[in-house]
Each structure stands twice: as C-alpha cells, then as structure tokens.
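Engineer: The chain contents come next:
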Amino acid sequence: MAALRFEDDFLRKLEYLHVVSKRAFAGQNRADRLARKRGRGLEFADHRAYSPGDDFRQIDWKAYQRLNRLLLRLFDEEQDLPIYLFIDCSRSMAEPAKFDQARRIAAALCYIGLAHLDRVTLLTFGASLGDERVPGRGKGRIFRVFEMLEKMETTGATDLRESFKQFASRTRQQGLAVVISDFLDPAGFESGLKMISSMGHDVFAVHITSHRDQDPGALGEVRFVDAETGDLRDVEVTPALVAAYDEAWHTHAEELERFCGRYDLGYIRADAAQPFQDVILKTFRKGRFLA
Amino acid sequence: MSFGALAAWQAWLLLAGAGAAAGWLFYRKVRPPRVAVPTLLLWRRVLDTPREMTWWERIRRTVSLGATVLVAVFLALAVTRPGPAVEAGSRGRVLIVLDSSWSMLTELPGGGTRWDRAVERARRLAAAAGGDAVAIATTAGGLVEGPTADLALIETALGALKPSGGEDAAWPRIVGAEATYFLTDGSVERALDASVEIHSVYEPAPNVAVTAFQVRRAAMPSGQHEAYLEIANYADLTQPVRVAVSRGTEAISDTSVSMAPGEAIRQVLVLGPGEPRLRVRVSAEHNALAADDEAVAWFEGARPIKVTVVSAEPGALGLLLQRHAAVEASYVAPGRYAPDDADVLVLDGWVPADAPGKPALVLSPPTTSWLGRRLAEERDLRWSDRGAHPVLAGVDPQTLAVARAAGFEGPGLVPVAASESGTPLVLVADEPGRRLVVLNVAFEGSNLAFSPAFPVLVADAIGWLARPEVQSSGRPGVVELPASTTRLTAPDGTPVALVEAGDRAVARLDEPGLYLADIGGGHAVLSANVGGPDVSNVSQTSLTDEAVAAGAEALGAGRIWWLYAVAAAFVLLAAEWWTWQRRITV
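One line per chain: the protein sequences are A and B, in this order. So the first sequence is residues 1 to 291, counted in the numbering used here. So the second sequence is residues 1 to 586, counted in the numbering used here.
Please keep in mind that the hints were generated in silico from the structure rather than gathered at the bench. Computed from a predicted structure; not experimentally measured. Quick reminder that beta carbons are idealized off the backbone N, C-alpha and C, glycines included. Hints may be right or wrong, so weigh each one.
[Claimed, not checked] Below, a sample of chain B positions facing chain A; criterion: calculated Cβ distance under 8 Å:
id : residue
1  : P32
2  : P33
3  : V35
4  : T39
5  : L41
6  : R45
7  : V46
8  : P50
9  : M53
10 : P366
11 : L514
12 : L516
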C-alpha cells in the first residue's frame, strides 16, 4: 500500500473531533474525558459531609462559616478512555481498497484518541486474536501507529467469536471497542459481537464494504475460490444468479445493521470506494461516533 | 486372449481408440476461469436456495437426462445382446456340428466371418437346450466337447475352435442324440441323415483364389520340371488381380491381370535348378477369403541327390551314378569312410560297424550285427518274385542272370524280391529312423553290371531312399506317411503329432503351408494349400434356397449390431460431455 500518511489540514480537523462513547468508563490516567467517579478534577460537582480521615484540603470552609457544618467539596474526575481498535486481517480483507480503507479509518480514530489522551489499543484479528499494540499517549505517537498499520498483512479466515473469546481471556478495562471488518464470518458475526458486548464494552461496528464483494465480476462458467479457505465451487453465473447474490449481500449487510441496532451497538458502513475524508468527517459524524 | 465376439485386433483397436478419445476429451475439457472471492459464504446461501428453473434450463435438463438414459440403454443392449429366442428342439442330447471347411472363414459384407456366425448360432442353440446335454463337434476334428450340460465348457470349446478343413472327414456322431444341428455354409456337399437340422450361415461373397499350384515334370524330352499355377476370380465383377510368385526369397513374377467374373487363368513356369521353395500370392479388392490367397509348392528336383558311394572299386556303379543327372556322387574307400552330409549312402560289399544315421543302399552286404546275416548260397537262381514296391518299379528281372547269391536276413528287413526257391534278393527296411535297401546280388556272381535292370533298380532305390513318397492330397487334412517317419514339423516350426496306423504313420495338417517330414533319416516336404474350386468359390452353396433364406433371417439377429450400440453410446457420451462442458446441457 502507499504510505499511510495524513495531510496536516486533515490532522487538524481530526483534533477537533471526539470519539463519542455512550457510556462513561473509568480510566487509568488523568485526561480530558469525564469519568464516572468523583475525583480531583477542576469542575465542581457536589458536597458531602466530612468523615474522619478525609483530606482537610477538600473542606469547604466558606460553607462551614455559613452552615457550621464540615462539608467536603467534590469535583468531577477527568480520565482517559480505553479505546480498543479491532482490525480484521483475514484474507477476505485482502482486496487492497478494503484493507487500506480499514487501516486509514483505524489510523484516524487512533489519532483522535491520541489527541485527547485516550488509551488506544490496536488489535488485529482473523481466525484468532492477533497482535496487540499500545502506541502510548499523545498525538505525537501517530507516526508509530502508521508504522504499525503499514506492517499489517492479511492472512487466514475470519472467526469473530474465537478472536473475542481470546480478547476476553485477559482482564481489561471496559471501554470503547471499535470492530473494523467486513463481517464475512462463515460462523456468523452475531455470536462474536454478542460476546464482546457482554463484556461491558461500548461496541461500535465499522462495516467495510466493497463493490467486489457485491459483484462476482464474471458471467458464465466460473470456478470461485474462497480467499480465506481455498474452497472451490463451480458456478454458472447467470444474470439471475447475480441478482440473487446481490440481494443476499444486501440482506447480509442489513442483518448486521439490524443486529447492531437491536443490541445497541454502533454501526457505520464504510465503502472502500468512498473518499476516506468523507467517511471520517461525514459518515462517522452522521453515525454519531465522532462529534 | 479372447474378447467375446470381437477379434483380438478389433478389441485392442477399440481399447486404444477409447483411451485416445478419452485422453483427447480430457485435454479438450473447458476449464472455468478461477475467480477469487472474499468468501463463499454468501454464494452458498444463494446456491443452496431452491430456485425455479427456467424453460431453457428445463429443456437442457431433459435433453441431458435423455442422452444419459440412451447411453445406459445402448450399453445394456451391447452387454446383453438380446435376440429372437431359439426354440429348444429337443429334450435329450443335442449335437451341434460346425462345418470347419475353410470357406467358413469367408468374411461377410456385414462384418465377421461365416465361422463367427456359426459360433454365435451354436452358442444360442446350446443356451436354448434348456439344461440338456450338449455336444460340440466339427467336421474336421469330430467331437470336441461334451455331451455336457455345463455351458461354460461348451463356451470354452467354442472359443477355442477354428476352421481347419476336413471336407473329407467322417461325420461326427454321439450316442443317443435326440437332435443334431449342422451349422454350415454348404460349400461342401455332404450326404446327411434326414434328422440333421441344417442352419445356414451362407451369404455370398466375392473371392479370388489360387486354385492350383504344384510342381510337375514337364511333358518334354528334357525332363525339366514346371510349376503349374491356376487362379480364379469368383467375384461377380471384373477386377484387377495381382499375382506374385516367389522362389525362396527371390520374386520371380509380380504381375497384375484383369479378371472377368468366373474367369480362371492358368500359368506354367519352367523351373531350373535352384531354391526348392515356391510361393504364390494373389490380392484383389473384392476378396472375402484370405486362406486361399496364398499357396506353396516344393520342387523336389531342384537340387541333385547327394550320394556317397563307399566301395573298394566302384566300377560299373561309379559309371552309372556319374551319368545320373539327378545324382551328385562322391566316392570313398571303405577304410576312409566317415559320416558326411550325403542324402544317401551306397555301401558296396561293405558295411560300417555301426548303423549309418541316413538312408542307405547296401549291395551284397557281409554279416554284421546291425544289419543281419548272410544265409546259405544258392546257385543258378532265377528272380521270380517281383513285388510292387516302388524300389522295383520298371525293373525287368528277365534281363538278370544270377549264377550264385547268398540269402540275407536281418531285423526289420522285408524281402520285396526273391528267387524261385525263396532266397531274398532285394530287401527293404522302413522303420522309424531306419530306411534301407539291401540288394543281395554281387557283381561277381551275376551279370548285374550289364543288366538293363541294374540302373533302373539303383535309380529307384536312391529315389525311394532320398525322397520318400508321401500320400498327401496337397490340402490341409489327414496325410499318410511312411512308417519310418520320425518327425513332422509344421510351417511354424511346431511338431505335428504322428499316429501309427499299421505300416503307415498318420498325421493331420491343420494349417496350410510346407511341412517337413523326417523319414528314415531322409526328408520329405509336404505342401498343403487351401485353395480349390470347391472351397474358394464362396458364392455357391449346396444348401437349398429355403435353408439359405432361413439362415439369412437368423443371421440378421446374429449380426454384430451391438458394436454399433457401443459406438452409438460412445458418440452420445462424447457429445453429452462436450455440451456439458460448454454448459449447453446440464
């Protein structure tokens, strides 16, 4: 692929964007994202009665003068957001346009997260969970992210369930899980997405599509080769069959979208042929994933 | 190797053709382009969903199904070969006789030979016997198999049979035969019992043949020999016939003549000394019988007889043999005798200690262990008993005056001429490995040297010893040989079985060609040729028109139509495969 680089203008635009999480999650470090717990942020949140052992520095002495009661001032805690970016590296994503689109989306989301001091984790998956890389914090790490993404290669089949099962085998902080994939899992995408959703993450499905997925590209006698398994199937592709296949593909996409809606998962469809900046600046914002 | 109703070459050709065609079809296979798709998940969903077929798809499917069914039917027909049922004519022993005349090898326009059809007909007759005992016989070999109810044995016997002449053989019989079927083309007229049911396999066919080929003495004072050749065109059209005559490995004539229907041409070739083996071959476009296209002959006088004379003083004997044109004599004294390559030995008043391994003319022999002993001497005797032995042909005993002669006797020696009082004068021995003529008259006590009987007697004796006479018709079949015959070798080098029959040996010549007989240390060559007016004219039959018509009707069922069924199945299969590869059929 061509070098994965963004122009400065586009990067500046990304810095204005935030990854929207439907829920607040506990972070590890101080950042600029409101956490669920009270802490030592700058924004006043509430008072509570003093208890022995509390920090004297938090006592609101003005309130003591007025009310003659010892009250503690509470502030909102601002922490980072754990963002897990899952990138599908199975062979079904081998089409250059699809894989490039997936990696660019991952890079853009990663940059937005880094710019807001979120804790971004890049994970690849296919038949199982692949590499897991944490670029660090701060937007200066984006070049490391680019390198990581450029080194990724497609291989093997797709197994969402097995991949997320392996992801769940380690204790992790709950956060935002972004799954960038074509969701062409022979075993079905449902069980995998249900599994990661049940772990308490805020799941967002980015459905990478391509016109090559919808169009067989040939008419007549054709021997289809499954890119993931190598299985062969001789098919006489007729216009009627092309129409039936197109309908099946749309059904598959609609099923995925309906499934995400039913389980309150975010869903974005990003076509490989669509200009990348439009995907980020329009489609993602329209899908309320970026704000 | 047997291939059912196919000849071996046909079966191998079929196998090779089928293999080549299959290989060709394999490489003609249309290979669909490979298209990589991200996953077959959605394709499986589409293809596994039942769809309503279009009319075009239904037509393709029907055509495909019909072609497949036809292929299966054709193959089933070819394997089972159904035909009209043959009525079981009896409930007892059944004798099926196949005419093994050479004319049964006639190839027919519809394919196969008369013999093939006779065998096929015999199979059906045996199958229709309904478990009764069946016997198979041929006109040449007599009873071949059975009577037996085991059809496997019958089938095996039929598969091993082939025509071998036997036009003059005795009619085969079995005890208690309730029905006798004779499968024949009627080329040879036979007197048959009224109970014999004839099944004709006759169908006229054009033929060209060598109907006569023999070497004979020319009717000229020079006494030369000539080869007589007769060729006939039994086709109903005029056609060019190529005639090639060779002597040994040398071609002496190769001509092409146009022969009218029914025409026979005769040719005489004068023969000089040289190679004794003669062969003639004819070829023509319309020629249904191959067995009579070639004929062989053996020229006995092509080479002189080598004679070694063992004598202390050849004298009159030497002078006689020097002037004999057909003899090449060499002389050796008794003390210097050693076995050589001579055809005949002449032992004059002396015999070696051991019996010589070749024919010998022994003049006035002394007593010796292997030959016999001298008897009492008789004076002024007269030769009165002149037998009919070939050694005595043309000998006039009246010209012979014998003052004294001693009798002689020995194991195996048979007197063929004797004096009035019974003293043997000429004795012969004709036993396996031993062929002798003993002349018991000495030059000293007779006028033998000056008698006109002497050169005739010596020439007869040398001729009889060197060129044993064989009673052969010149055709394959039974031949009578002298009792001294030790071996008979077929044209392909295999030995032929000899059967002792009294004072003769009998053998059967199954194949045409030249046979070599070892007779008492000498050699004889027998020629056996198939061609002849009775065998080669395969357009004629002795059968009645009704029998021929009935046979033709039955032959219709016996034709090798199943071969066409196999061919049709193969063509249909190839067409279906080809169209399937191109998605014309499904």
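Engineer: If a hint holds in the structure, say so; if it doesn't, say that too.
Structural biologist: We went through each hint and held it up to the structure:
1. Proximity of P32(B) to chain A holds as hinted, the smallest CB-CB distance being about 4 Å (cut-off 8 Å).
2. For P33(B), the interface hint holds, the least distance from its beta-carbon to any beta-carbon of chain A being 6 Å, beneath 8 Å.
3. Checking V35(B) against chain A: minimum C-beta separation of about 5 Å stays under 8 Å; hint holds.
4. At about 4 Å, the closest approach between the beta carbon of T39(B) and any beta carbon in chain A falls short of 8 Å, and the interface hint on this residue holds.
5. Restraint check, L41(B) versus chain A: the minimum CB separation of about 5 Å is within 8 Å; hint holds.
6. A cut of 8 Å between beta carbons decides the hint on R45(B): the least distance to chain A is about 5 Å, and the hint holds.
7. The closest approach between the C-beta of V46(B) and any C-beta of chain A is roughly 5 Å, which is under the 8 Å cut-off, so the hint is satisfied.
8. Annotation: P50(B) was flagged as interfacial toward chain A, and the flag is violated, the nearest CB pair being 11 Å apart, outside 8 Å.
9. Nearest Cβ of chain A to the Cβ of M53(B): about 11 Å, over the 8 Å cut. The hint is violated.
10. This hint is violated: P366(B) has a C-beta 102 Å from the nearest C-beta of chain A, more than the 8 Å allowed.
11. For L514(B), the shortest C-beta to C-beta distance to chain A is roughly 67 Å, which exceeds 8 Å, and the interface hint is violated.
12. Annotation: L516(B) was flagged as interfacial toward chain A, and the flag is violated, the nearest CB pair being 69 Å apart, outside 8 Å.
Of the numbered hints given earlier, the model fails hints 8, 9, 10, 11 and 12; all others are met.
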